[in-house]
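Counting from 1, one number per residue, gives the positions in the sequence shown under this note's numbering.
Because the hints were derived from the structure by calculation, they are not lab data. Check before you lean on any hint, since a few could be wrong.
[Unchecked claim] Quick list of in silico lysine-lysine cross-link-like pairs, BS3-like style, CA-CA up to 30 Å: (1) K77 to K47; (2) K77 to K13; (3) K21 to K57; (4) K57 to K47; (5) K60 to K48; (6) K60 to K8; (7) K13 to K57; (8) K21 to K47; (9) K13 to K48; (10) K60 to K13; (11) K47 to K71; (12) K13 to K71; (13) K71 to K48; (14) K48 to K10; (15) K48 to K6; (16) K71 to K8; (17) K6 to K57; (18) K77 to K21; (19) K71 to K10; (20) K60 to K6; (21) K57 to K77; (22) K21 to K10; (23) K77 to K10; (24) K47 to K6; (25) K21 to K60; (26) K47 to K10; (27) K21 to K6.
[What the hints assert, rightly or not] Ranges of calculated distance between the beta carbons of each label pair, as one might list FRET restraints: (28) K77 to R37: 17 to 27 Å; (29) N66 to P9: 14 to 24 Å; (30) V7 to D63: 30 to 40 Å; (31) D63 to E19: 27 to 37 Å; (32) G64 to K6: 21 to 31 Å; (33) K6 to D56: 13 to 23 Å; (34) V7 to H43: 20 to 30 Å; (35) D63 to P9: 31 to 41 Å.
By construction, the Cβ of each residue, glycine as well, lies at the ideal position given by its N, Cα and C atoms.
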Amino acid sequence: MSKSKKVKPKIQKCAEYLERKGSITSWQAITMFRATRLSAYIHTLRKKGWDIISEDKTSKNEDGQNVVFTKYIFVSKP
């Protein structure tokens, strides 16, 4: 029998990254953790007392069109 590796929930991975790096975007969560529900994770963390700021950002995509996304910025946790 092989030992099974304990896998961290995606919300935990995103929370640890947010705390360690100071901010996270949906694209970062998708590419690093395959987490597509970042806004739900942020909502849950806020309900648990985390202070997280939402900052709307604008960037251009590969077609030159403006795209708007949210950057979540860690302030503190309980």
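Checked hints:
no., hint, result
1, K77 to K47, "holds (11 Å)"
2, K77 to K13, "holds (15 Å)"
3, K21 to K57, "holds (18 Å)"
4, K57 to K47, "holds (24 Å)"
5, K60 to K48, "violated (34 Å)"
6, K60 to K8, "violated (33 Å)"
7, K13 to K57, "holds (23 Å)"
8, K21 to K47, "holds (21 Å)"
9, K13 to K48, "holds (16 Å)"
10, K60 to K13, "holds (28 Å)"
11, K47 to K71, "holds (18 Å)"
12, K13 to K71, "holds (16 Å)"
13, K71 to K48, "holds (19 Å)"
14, K48 to K10, "holds (16 Å)"
15, K48 to K6, "holds (24 Å)"
16, K71 to K8, "holds (23 Å)"
17, K6 to K57, "violated (35 Å)"
18, K77 to K21, "holds (14 Å)"
19, K71 to K10, "holds (18 Å)"
20, K60 to K6, "violated (39 Å)"
21, K57 to K77, "holds (24 Å)"
22, K21 to K10, "holds (16 Å)"
23, K77 to K10, "holds (18 Å)"
24, K47 to K6, "holds (26 Å)"
25, K21 to K60, "holds (24 Å)"
26, K47 to K10, "holds (17 Å)"
27, K21 to K6, "holds (23 Å)"
28, K77 to R37: 17 to 27 Å, "holds (19 Å)"
29, N66 to P9: 14 to 24 Å, "violated (34 Å)"
30, V7 to D63: 30 to 40 Å, "holds (37 Å)"
31, D63 to E19: 27 to 37 Å, "holds (35 Å)"
32, G64 to K6: 21 to 31 Å, "violated (44 Å)"
33, K6 to D56: 13 to 23 Å, "violated (36 Å)"
34, V7 to H43: 20 to 30 Å, "holds (22 Å)"
35, D63 to P9: 31 to 41 Å, "holds (35 Å)"
In this structure, the hints that do not hold are numbers 5, 6, 17, 20, 29, 32, 33, in rising order.
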